[in-house]
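J.: Sequence:
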Amino acid sequence: MAAAEPIYGVLLSDAMDLKSYYGLDFGDATPDVRLLNPDEVTNPDLIRFAVCWLPGPAAFAPYLNIEMAMSVGAGVDALLKHPGLNKDVAICRVRDPNQADLMAGYAVHEVVHVERGFARMQQSQASAEWAPPAIRPPHDLKVAVLGHGSMGASVVKALAACGFSVSVACRRAPTDPVEGVDYFTGDDSVLKSVVGQDVVINVLPLTAETENILDADLFAKLAKGAWLIQIGRGEHLVEEDLVAALDSGQLSGATLDVFRTEPLPSDHPFWSDPRLRITPHIASDTTPHIVAEQALQSARELHAGRPLSLAISRGQGY
8 MAAAEPIYGV LLSDAMDLKS YYGLDFGDAT PDVRLLNPDE VTNPDLIRFA VCWLPGPAAF
68 APYLNIEMAM SVGAGVDALL KHPGLNKDVA ICRVRDPNQA DLMAGYAVHE VVHVERGFAR
128 MQQSQASAEW APPAIRPPHD LKVAVLGHGS MGASVVKALA ACGFSVSVAC RRAPTDPVEG
188 VDYFTGDDSV LKSVVGQDVV INVLPLTAET ENILDADLFA KLAKGAWLIQ IGRGEHLVEE
248 DLVAALDSGQ LSGATLDVFR TEPLPSDHPF WSDPRLRITP HIASDTTPHI VAEQALQSAR
308 ELHAGRPLSL AISRGQGY
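Count the sequence shown with our numbering and you get residues 8 to 325, in order.
Since the hints were made in silico from the structure, they are not lab data. The model shown is predicted, which means the values in this text are computed figures rather than measured ones. Virtual Cβ for every residue (Gly too), placed ideally from N, Cα, C. A couple of the hints might just be wrong.
DSS-like mimics (lysine-lysine), calculated; alpha carbons at most 25 Å apart, straight line [claimed, not checked]:
id	residue 1	residue 2
1	K199	K149
2	K199	K228
3	K164	K149
4	K199	K164
5	K231	K149
6	K88	K26
7	K228	K149
8	K199	K231
Simulated restraints, written as ranges between beta carbons of each label pair [stated by the list, open to error]:
id	residue 1	residue 2	range
9	T182	T286	31 to 37 Å
10	G30	P144	46 to 52 Å
11	D24	Q132	37 to 43 Å
12	D52	A168	49 to 55 Å
13	D52	E246	42 to 48 Å
14	T182	A135	52 to 58 Å
15	I285	R123	19 to 25 Å
16	Y28	K199	38 to 44 Å
17	A318	P181	19 to 25 Å
18	I285	S316	35 to 41 Å
Kindly generate the complete structure, drawing on both the sequences and the hints.
T.: Here it is in structure tokens:
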């Protein structure tokens, strides 16, 4: 009996060499799924799916028969707004539980940095000054988490386990709420959840509704001297409003892991602002073997005509 024809896919990214990064995990021993770099494609008409991370403007142009595009990261905004990706192409994303754990660890680290006054102690160290900061118990620190997907839910659980007072903005009430956490739902949930909060953590997906959501109106509702932890998407933040809030003292500082332009240009003023903690989009990451497993799973589902279990809703944007 002749072997079934394989399904062919292509790796598309302007930001990284996907084959070098994930190649060992994809492996060559997948006779039913063939995944190629663009320079290895001899017949573009055979390509039915793409595995992507920030594909270039013309990346999809040669491949007229693509039926599925998969993001190797949790965010799919780059694919949703890509001008070269037809609206009838299904979009899938990786769902890696390790990503949520990494994100939660980053968030807790930054909240503790604020709670225990580590920034002031670093300044004291530079001047050889023994100056213990005032210690506040965790339950006295009010933390708002914007977003309650897999990432946000893990952040909330980790913060609550540490004893912080947590409020959450979410689309709908969770089926497994964390005891002691306040959940805000509905169209105005974001602005309601941040009132009087000492720290706000953004873990929202990027959609038309959430773009520019970290603005002057939101900052004004926080407690005076609050801290922003931005681990969503760069387009969530109105940079001019952040600087104004820092200058007025409404915000005492911010941790920024994502930016409108990445890498952050070397001449960007954020680099030299002592009120900011800058990290290079490392709050979380995907596990290579999980990316490979889920990409192959999605390709096989497509090839067999089965529903795509990792597909996102284009209408919701995630």
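J.: Each hint should be assessed against the structure and marked as holding or not.
T.: Comparing the hints with the structure gives:
| no. | hint | result |
| --- | --- | --- |
| 1 | K199 / K149 | holds, 13 Å |
| 2 | K199 / K228 | holds, 9 Å |
| 3 | K164 / K149 | holds, 14 Å |
| 4 | K199 / K164 | holds, 20 Å |
| 5 | K231 / K149 | holds, 12 Å |
| 6 | K88 / K26 | holds, 24 Å |
| 7 | K228 / K149 | holds, 13 Å |
| 8 | K199 / K231 | holds, 16 Å |
| 9 | T182 / T286: 31 to 37 Å | holds, 32 Å |
| 10 | G30 / P144: 46 to 52 Å | holds, 49 Å |
| 11 | D24 / Q132: 37 to 43 Å | holds, 40 Å |
| 12 | D52 / A168: 49 to 55 Å | holds, 52 Å |
| 13 | D52 / E246: 42 to 48 Å | holds, 44 Å |
| 14 | T182 / A135: 52 to 58 Å | holds, 53 Å |
| 15 | I285 / R123: 19 to 25 Å | holds, 20 Å |
| 16 | Y28 / K199: 38 to 44 Å | holds, 41 Å |
| 17 | A318 / P181: 19 to 25 Å | holds, 22 Å |
| 18 | I285 / S316: 35 to 41 Å | holds, 37 Å |
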